[in-house]
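Colleague: Please take these sequences and the hints and turn them into a complete structure.
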Amino acid sequence: MDKIIFDTKVQFIKYKVLKEVITKAYNDDLVNAYRDIPKTIIPSELGRYIAYFSKDDVDKIKNTNSTGKFLSEMFEGYINRYGLDITQTNDLCAVMYMLYPEIFESYKCDIVVDTNSVPGKTTITPNKNGLINFVENTNREVFVQKFLENLKQMP
Numbered sequence: 077m078d079k080i081i082f083d084t085k086v087q088f089i090k091y092k093v094l095k096e097v098i099t100k101a102y103n104d105d106l107v108n109a110y111r112d113i114p115k116t117i118i119p120s121e122l123g124r125y126i127a128y129f130s131k132d133d134v135d136k137i138k139n140t141n142s143t144g145k146f147l148s149e150m151f152e153g154y155i156n157r158y159g160l161d162i163t164q165t166n167d168l169c170a171v172m173y174m175l176y177p178e179i180f181e182s183y184k185c186d187i188v189v190d191t192n193s194v195p196g197k198t199t200i201t202p203n204k205n206g207l208i209n210f211v212e213n214t215n216r217e218v219f220v221q222k223f224l225e226n227l228k229q230m231p
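Counting with the numbering used here, you get residues 77 to 231 for the letters of the sequence shown.
Calculated from the structure, these hints are not laboratory results.
Watch out, some of these pointers could steer you wrong.
[To be verified] Under the rule of at most 30 Å between Cα atoms (straight-line distance), these lysine-lysine pairs were calculated in the DSS-like manner:
(1) K131 <-> K145
(2) K95 <-> K197
(3) K100 <-> K204
(4) K145 <-> K184
(5) K79 <-> K222
(6) K204 <-> K79
(7) K204 <-> K136
(8) K79 <-> K136
(9) K131 <-> K90
(10) K184 <-> K85
(11) K92 <-> K115
(12) K197 <-> K90
(13) K145 <-> K197
(14) K92 <-> K197
(15) K90 <-> K79
(16) K222 <-> K204
(17) K92 <-> K79
(18) K222 <-> K85
(19) K184 <-> K92
(20) K136 <-> K115
(21) K184 <-> K100
(22) K79 <-> K138
(23) K184 <-> K95
(24) K138 <-> K85
(25) K85 <-> K95
(26) K90 <-> K222
(27) K222 <-> K115
(28) K222 <-> K92
(29) K197 <-> K136
(30) K92 <-> K204
(31) K145 <-> K204
(32) K79 <-> K100
(33) K197 <-> K85
(34) K115 <-> K100
(35) K90 <-> K100
(36) K138 <-> K92
(37) K100 <-> K85
(38) K79 <-> K228
(39) K115 <-> K85
(40) K138 <-> K115
Modeller: Here it is as structure tokens:
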């Protein structure tokens with residue numbers, strides 16, 4: 077078989093997911109396989125307080141290319157709307173985690189959501205064999221650097 081070449085890491089991830097789904101379906105195990113899907117939680121606090129973009133970062137984004145100019149207008153809108161010197165990257169954290177999990181710190185855990193005595197109360201218990209990966213930290217400078225590297229590849 078010829079070697080498969082992917083233009084982006086996202087294409088490679090998509091390929092791996094589809095290959096696994098096809099394998100599970102072929103083995104008649106697709107219905108049960110959903111339990112084995114890795115689950116990762118990236119709390120919004122990560123994008124608010126750790127992996128944010130400063131005004132200087134937004135200026136770098138703006139001066140990168142036309143995509144950066146478009147994104148910077150959105151980020152500047154958030155900065156102006158909330159009167160902060162930073163813009164949050166909550167959704168972007170999830171994308172960056174998929175592309176660069178190695179720049180994030182996380183731990184395995186179990187999560188229980190109370191539906192009886194205190195509905196909605198969530199308890200997170202670290203467990204090295206847990207089914208959920210909880211992301212708790214990243215290096216902000218590396219996060220921004222990786223984002224800019226990807227942005228430079230866009231128009």
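Colleague: Given the proposed pairing of K92 with K197, does the C-alpha separation stay at or below 30 Å?
Modeller: violated (35 Å)
Colleague: Would you check the hint for K90 and K222, treating anything up to 30 Å between C-alpha atoms as holding?
Modeller: Holds, because 20 Å separates the two Cα atoms, which is no more than 30 Å.
Colleague: Tell me if the straight-line CA distance from K79 to K222 falls inside 30 Å.
Modeller: holds (27 Å)
Colleague: Do the alpha carbons of K100 and K85 lie within 30 Å of each other, as the hint requires?
Modeller: holds (23 Å)
Colleague: Starting from K222, check that the Cα of K85 is at most 30 Å away, please.
Modeller: holds (13 Å)
Colleague: Hint check: K184 vs K95, CA-CA at most 30 Å. Holds or violated?
Modeller: Roughly 25 Å between the alpha carbons, so the hint for K184 and K95 holds.
Colleague: Would the hint linking K138 and K85 be met if the CA-CA limit is 30 Å?
Modeller: holds (24 Å)
Colleague: Is the straight-line distance between the alpha-carbon of K79 and that of K136 30 Å or less?
Modeller: Violated, because 37 Å separates the two Cα atoms, which is more than 30 Å.
Colleague: Holds or violated: K92 with K115, Cα cutoff 30 Å?
Modeller: holds (16 Å)
Colleague: With the threshold set at 30 Å, check whether the alpha-carbon distance from K85 to K95 stays at or below it.
Modeller: holds (15 Å)
Colleague: Would you check the hint for K222 and K204, treating anything up to 30 Å between C-alpha atoms as holding?
Modeller: holds (28 Å)
Colleague: Compare the distance between the alpha carbons of K136 and K115 with 30 Å, and conclude whether the hinted pair is satisfied.
Modeller: violated (33 Å)
Hint compliance for this structure: hints 2, 4, 6, 7, 8, 9, 12, 13, 14, 20, 22, 29, 31, 33, 36 and 40 are broken, all remaining hints hold.
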